[in-house]
Amino acid sequence: GENVEQHPSTLSVQEGDSAVIKCTYSDSASNYFPWYKQELGKGPQLIIDIRSNVGEKKDQRIAVTLNKTAKHFSLHITETQPEDSAVYFCAASIWGSQGNLIFGKGTKLSVKP
Amino acid sequence: DSGVTQTPKHLITATGQRVTLRCSPRSGDLSVYWYQQSLDQGLQFLIQYYNGEERAKGNILERFSAQQFPDLHSELNLSSLELGDSALYFCASSVVGTLNEKLFFGSGTQLSVL
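One line per chain: the protein sequences are A and B, in this order. So for the first sequence, the working numbering puts the first residue at 742; every next one is plus one. So for the second sequence, the working numbering puts the first residue at 1038; every next one is plus one.
Derived from the structure by calculation, the hints contain no laboratory data. Errors might be hidden in some of the hints.
[To be verified] Here are the computed lysine to any residue pairs in the SDA-like style, where the Cα-Cα straight-line distance is at most 25 Å:
#, chain 1, residue 1, chain 2, residue 2
1, B, K1139, A, G782
2, A, K763, B, E1138
3, B, K1139, A, G757
4, A, K778, B, K1046
Chain B extracted, bound-state conformation (with noise of 0.2 Å):
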């Protein structure tokens, strides 16, 4: 258990809808990334926080948004959601997200857009 928690495990919606992931980080872990994993693109980093702040973004759709609150766990939105978007969403944490730090991974949220 990498201590990272995503919840929920499964989504499953229809096209035009919006929807929120949920991530909780590492106790004592500051920063947050959010990564989609697809059969066709791999491992895709999205966006990163630190602290609450925005700190670098990724291949992050505009549809996409992302937060972190200051109790530090973050969420991510998507909206206006296409079939392409069905993928797995994993969140990372890492204590201060710095470069070359370990990036600890939660198990993911798998959303099936229909």
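Chain A extracted, bound-state conformation (with noise of 0.2 Å):
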């Protein structure tokens, strides 16, 4: 079945800098690419996504790449501020499963002031 590595598991930056976030999985026929941001005691919001007929696509300070020839696709944000402090998570469908994620193991990003 598919699988999703994501890394860094933790990531610690100055506000300001740009945090990158790296995910690869292993089913080439996955085809959405969605990317969760998790704050303490909430669950998973949807921050963006992607399908695999674009290669990027940008939502103010964030960004979302995919390289599907290489199975990986990444999370920039730029400028980032303490609120963008959480856990992080990307997910990759598994084609036929009806819309079922596999998610990474998380990514917990740390913005210091």
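These two chains come separately, so use the hints to put the complex back together.
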């Protein structure tokens, strides 16, 4: 089945710096890649997603890139702010599994003021 | 607020017991998903329902079962609980439960088995 690897597991940056989180997936048929942000005591919140027919997508300070050939995708956060501190999860869909997601293990991002 | 409601927020019980977790999806969503989150396993997909019918099954133990009712709320039943079942259980919903659909998660139920 699909397997999603996420790196790094922890990331600490200074406020204003950029942060990059990388994920790789195993199933070449996967074609949907969302990113979720989970704050303490809350459920995962969808922040951006990308489909396999697109190489890059931006939403204000957040961008996601996808390399289908290499089977990896990345989350880029620019001009980080303390409120960006959270655990970020990447995920990939399993082809033909009706919308189920396989998640990476998460990256704990800490933004220091 | 995602619009997905989960109750209770916390549940403390003993080994061997049975508990029921409840989820109300976002208004208009027909599909409900259950996920288990633990420190060692991360977010694991358990089961999905669409309009009352089971649609997909993931890593759900035989001691666990779920159902979706006519009003679209869902319940996850966990029985013969073991210490290792302690985890955060999340419910998510989507409009029709098709591939590549956005999932919206509730705040979870923290289960502690003592």
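Results of checking the hints against the structure:
no., hint, verdict
1, B/K1139 x A/G782, "21 Å, holds"
2, A/K763 x B/E1138, "22 Å, holds"
3, B/K1139 x A/G757, "30 Å, violated"
4, A/K778 x B/K1046, "19 Å, holds"
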